[in-house]
Amino acid sequence: MKTIQTIEEYLDGSLNSKKSNAFREKMSANKQLKDEVELHRSVNEAIKDDALYEFRQNVKKVITKNSKRANKQILFIKTYIKYPVAAGIVVILGLSIWKLTTRITPSEVFNEFYKPYQTDISTRSVNQSANSVQLSYILYQEKDYEASSEILKNYLSQNYNDITAHFYYGMNALELKNYKLATTELLLVANDRSTPFKIHAQWYLAMTYLKMNKRNDAENILEKLTESDNIYTNAAKKVIRKL
Amino acid sequence: MNKKYSDQELLEGIGRNDIKILNHIYDISYRPIRYLVISNNGKEQDAEDVFQEALVVVFIKIREENFQLSSSLTTYLYSVARIIWIRELNNRKVRAEFIEGEQLVLNTTDSDIELLEESERYKLYREKFEELSEDCKKVLKMFLINIPIKDITAIMGYSSDQHTKNRRFRCKKTLINNIRNSKEYKKLGYENNSNDRGIPRW
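In order, the protein sequence lines correspond to chains L and V. Every position in the first sequence, counted from 1, becomes a number in the working numbering once 363 is added. Every position in the second sequence, counted from 1, becomes a number in the working numbering once 375 is added.
So that you can see chain L by itself, here it is in the shape it has in the complex (with noise of 0.2 Å):
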């Protein structure tokens, strides 16, 4: 007790000078001592800081908060949406047969093929800007395009000649509906001979002219698309069938 007690005074200032030099030069000749009284102003100004704990505290609150959101959200689904289901079945059915007697629009066929593409995220990166743009491939993959698409427009401004980082500008645009830069990006992706993406791109500006009801623009890329094999072959026949 003795001990904490001189640590204490010491610490908040109560001892008189001749002890508190004393007690100093104890603290300079034992390592043990100080890294005792270390750990005790550590501590007492953790108790001091409120600001710091009330700053956890409401952090904790908005996790918790969201968190009891989103089991909320799956909560319902489960609970509300069995009988729904099984109403929106007989409706889908109902509209599956009228599909087929009525003539596809293209961006019909857009709806029933185009899938967000599947990103096979690497976490490894190199140095700043390569974590910067890896994040952007996470939110990407993630659904929140309008901050992957913020990422990239930077990134790309100074590594204009990142081919992937363009591939993945594009598909963003294509979900914010914005077909323009959307195409300006897919076409530059389809066009580069060295990327493994070049089978992608031309896949999803397929989809984008679909989208756009460039019917013949979408029809040429598909028809490339199946001159060879790749994993869209399939899908580009069914497509083309369906238009």
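Treat the hints as calculated values from the structure; they're not laboratory data. Ideal Cβ placement from N, Cα and C applies to all residues, glycine included. Heads up, a few of these hints could be off.
As the list claims (entries may be wrong) - Calculated from the model, a selection of chain V residues having no Cβ within reach of chain L, i.e. all distances over 10 Å: (1) 421; (2) 510; (3) 535; (4) 559.
What the hints assert, rightly or not - Covered by chain L, per the in silico footprint, the following chain V stretches (three or more residues, Cβ under 8 Å): (5) 427-438; (6) 441-455; (7) 511-524; (8) 545-551.
Stated by the list, open to error - Derived coverage of chain V by chain L (criterion: at least 3 residues anywhere in the stretch with Cβ under 8 Å from a Cβ of chain L; other residues may be distant): (9) 405-416; (10) 495-503.
Given chain L, work out where chain V should sit, using these hints.
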């Protein structure tokens, strides 16, 4: 539609502990951090803890220095979260896919790591403080904000100033012991200190 804030507005909001801004930051920054943690051996609770600690680092930085972002806040938080999660995985002796061959520090500086360590220590100290009895908390707090001992004795209804003093030191001893005996304290890297087995004698 959510209001869009500039990074500067977000930093100011963090600095003044604005819950509306904190909610907005959760909306824009939690998902990538969650993805990072969950795709590297973590659970939802881990992701929430990492998000909280990353925000705390930003809060301390804003308070202690003239903090300027060199990237967007979301990117910065992600980088800090990444360091936090790597440290946690190291503690758990788990090697994550994304650690191998990679610089551990991206977008972050040595001072960020120091702040992170400080933040972890403060969190533990404060949690243990909050676990003390109400009387202990009051007494220690009043001493730390320099309330005269006579007033503390009167407020607490103790028989004498000496009793108040003794109470203060007993409470502090309990607090320090509780800190030392916690597994979090060992996680902070103090477990290998062979001298660190109690109050030093000299």
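**Item:** Structure-inconsistent hints, enumerated in ascending order
**Value:** Hints that this structure does not satisfy do not exist here, as all of them hold.
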